[in-house]
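Undergrad: Let chain B serve as the given structure and place chain E on it in line with the hints.
From first to last, the protein sequence lines stand for chains B and E.
For the first sequence, numbering that gives the first Met the number 0 begins at 0 and goes up steadily by one.
For the second sequence, numbering that gives the first Met the number 0 begins at 0 and goes up steadily by one.
These are computed hints drawn from the structure, not numbers from a lab.
Some clues are possibly wrong.
Below are the DSS-like pairs computed for lysine-lysine, each with C-alpha atoms no more than 25 Å apart in a straight line [to be verified]:
id: 1; chain 1: B; residue 1: Lys123; chain 2: E; residue 2: Lys287
id: 2; chain 1: E; residue 1: Lys123; chain 2: B; residue 2: Lys283
id: 3; chain 1: E; residue 1: Lys258; chain 2: B; residue 2: Lys123
id: 4; chain 1: B; residue 1: Lys277; chain 2: B; residue 2: Lys287
id: 5; chain 1: B; residue 1: Lys277; chain 2: B; residue 2: Lys258
id: 6; chain 1: E; residue 1: Lys283; chain 2: B; residue 2: Lys123
id: 7; chain 1: E; residue 1: Lys287; chain 2: E; residue 2: Lys123
id: 8; chain 1: B; residue 1: Lys287; chain 2: E; residue 2: Lys123
2 protein chains.
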Amino acid sequence: MRIVVTGGAGFLGRHFCAKLLSLGHEVLCADNLLTGRRENIEAFEQNPAFRFLPLDVTTPLEVDSPVNAVVHMACPASPPDYLRFPIQTLEVGTIGTRNMLALAHAKEARFLLTSTSEVYGDPKVNPQTEEYWGNVNPIGPRSVYDEAKRASEALTMAYHRRHGLDTRIARIFNTYGPWMRANDGRVVSNFIVQSLQGKNLTIYGDGSQTRSFCYVSDLIEGLTRLLLLEPGSGARVAAQTEDWGIHYPVNVGNPREEKIIDIARIIAEMTGSSSPVKFHPLPKDDPKLRCPDISRARRLLGWEPKVPLEEGLASTISYFRETLG
Amino acid sequence: MRIVVTGGAGFLGRHFCAKLLSLGHEVLCADNLLTGRRENIEAFEQNPAFRFLPLDVTTPLEVDSPVNAVVHMACPASPPDYLRFPIQTLEVGTIGTRNMLALAHAKEARFLLTSTSEVYGDPKVNPQTEEYWGNVNPIGPRSVYDEAKRASEALTMAYHRRHGLDTRIARIFNTYGPWMRANDGRVVSNFIVQSLQGKNLTIYGDGSQTRSFCYVSDLIEGLTRLLLLEPGSGARVAAQTEDWGIHYPVNVGNPREEKIIDIARIIAEMTGSSSPVKFHPLPKDDPKLRCPDISRARRLLGWEPKVPLEEGLASTISYFRETLG
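So that you can see chain B by itself, here it is in the shape it has in the complex (with noise of 0.2 Å):
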């Protein structure tokens, strides 16, 4: 297949991309390098089935050849990045969205929405299961991201009702491995990168609230076979079961559920950091908890996480001694 990935030079959408190449797909990789970095993509551009298109998708992207998918991953996801570029990440979940849309529309191509556990806001019910609508503030800080997602979902789920398009969505929830970028803001790189460069470790809030990581090789092999599924094949499984259909959102991450403080130990130990423990304030709507039910995901799509935490953080730890060094 000929796959456009949006927001390919992301530290998902790497990953992404380098799978899907595996795979024998052909990719075309578009990225405004807001976040996105082209170091990350370098590897690729050696490889005739791998173009870069350095461009931004809030303008409409013309493609001249056939295209198979459209994978929409563009997006400032960690909160420092969306809290610095506000409007661009509104702009992206939802012109960009419109824009990808389109062109999928236009290609007749499927269409791969990767949106985010956020969806959830601070959710009153654990785990979160797809049929959640979500507790989220529309007009606080970090509704700059949430909303985006959420716009891009109903914004898919439109396309596929009005006119047919073969939509996927999946709803991912935080995930960590090699090619973060190390000043990302998100709890495992800061404690690996805090603890090799002997700084302290940064706690927001008392370090009770949890959050549950997904290492990016599970992450990205069920994104692969939801892209990859073919309407009728774990369609029609899950059909006998739910309601749902292969169009609605799919959760993504890993159930394990881990106090922050507790990752914060666990990394500090793996590194043979004595780096103190610095706590600071919780963010305005920070969610206290966070975790998935990954029963459709089991069902839909076969698929569960597989590898443990202490490997995940292993080869991520390797990978910052590796790029800090």
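TA: Same frame as chain B, now just chain E:
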């Protein structure tokens, strides 16, 4: 002031244009007439202070002259309309809102977003205060409207936070009055038109769900006060009692709750109709109750609705008697 009003040929837009003209302002009314009607604004077209711009605000709007305020009202607003135009509804609420914010920013103009009680979805608290985050299904059929408006609010706050734009957000609850479309699909117009035409009165569900209905002149008075409020006047007063400034959303609606079935009875009585009531299944995700807490509007704007239901219904009934006849 020179004021751009998008959606100015719609039901509320028409009344807002009339009000602003009567106060001596100039109005540039932008409308693509998707659900607005040229006849709504015919009365103003000879007025030199009024100009109609027949255009779609999802394409950038260029105005040569200075502009002091942009009022973004454009959006299909009744469920039959936005279900018929799902993608246009999302587009005007995302791309359209961005374009109008960009216009206000370029002109250093004030910006008023007419948002909606639909951002509260099917609320779990009653009445709804502006602090309530809502209960909205991001992927249901109604999400094309609800999420468009939530994204509009997020965009508006982002422009305020990022660029210091002088923004205001009104969350409008159910409103009725002359110049509603007969086939608009809203409760009050449905019941009146059905009564006058001797047809069955259609109730969705058992009619026990409540709505609050604001007469249009009350609503427009609230919007006008919010638009014209000078920073530091009402805002300063409000700041003594609350954290929230003039830029945060303000509920504008009538807190008097009515059961749908009671509205049907009152209208049948007032029109002298003997039409029987017919019950239909409740549509998906229909909110079971909806009532504004207007404490903030009272404090900030010194505003509350004045027109009793029976009086408002009387003038709406005579409007429809005239226009249907």
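Undergrad: Work down the list of hints and note, for each, if the structure agrees.
TA: Hint-by-hint comparison with the structure:
1. Lys123(B) <-> Lys287(E): 20 Å, holds
2. Lys123(E) <-> Lys283(B): 22 Å, holds
3. Lys258(E) <-> Lys123(B): 29 Å, violated
4. Lys277(B) <-> Lys287(B): Holds: Lys277(B) and Lys287(B) sit about 19 Å apart, inside 25 Å.
5. Lys277(B) <-> Lys258(B): Holds: Lys277(B) and Lys258(B) sit about 15 Å apart, inside 25 Å.
6. Lys283(E) <-> Lys123(B): Given that 25 Å is the threshold and the Cα spacing comes to 22 Å, the pair holds.
7. Lys287(E) <-> Lys123(E): Cα-Cα ~10 Å, so holds.
8. Lys287(B) <-> Lys123(E): 20 Å, holds
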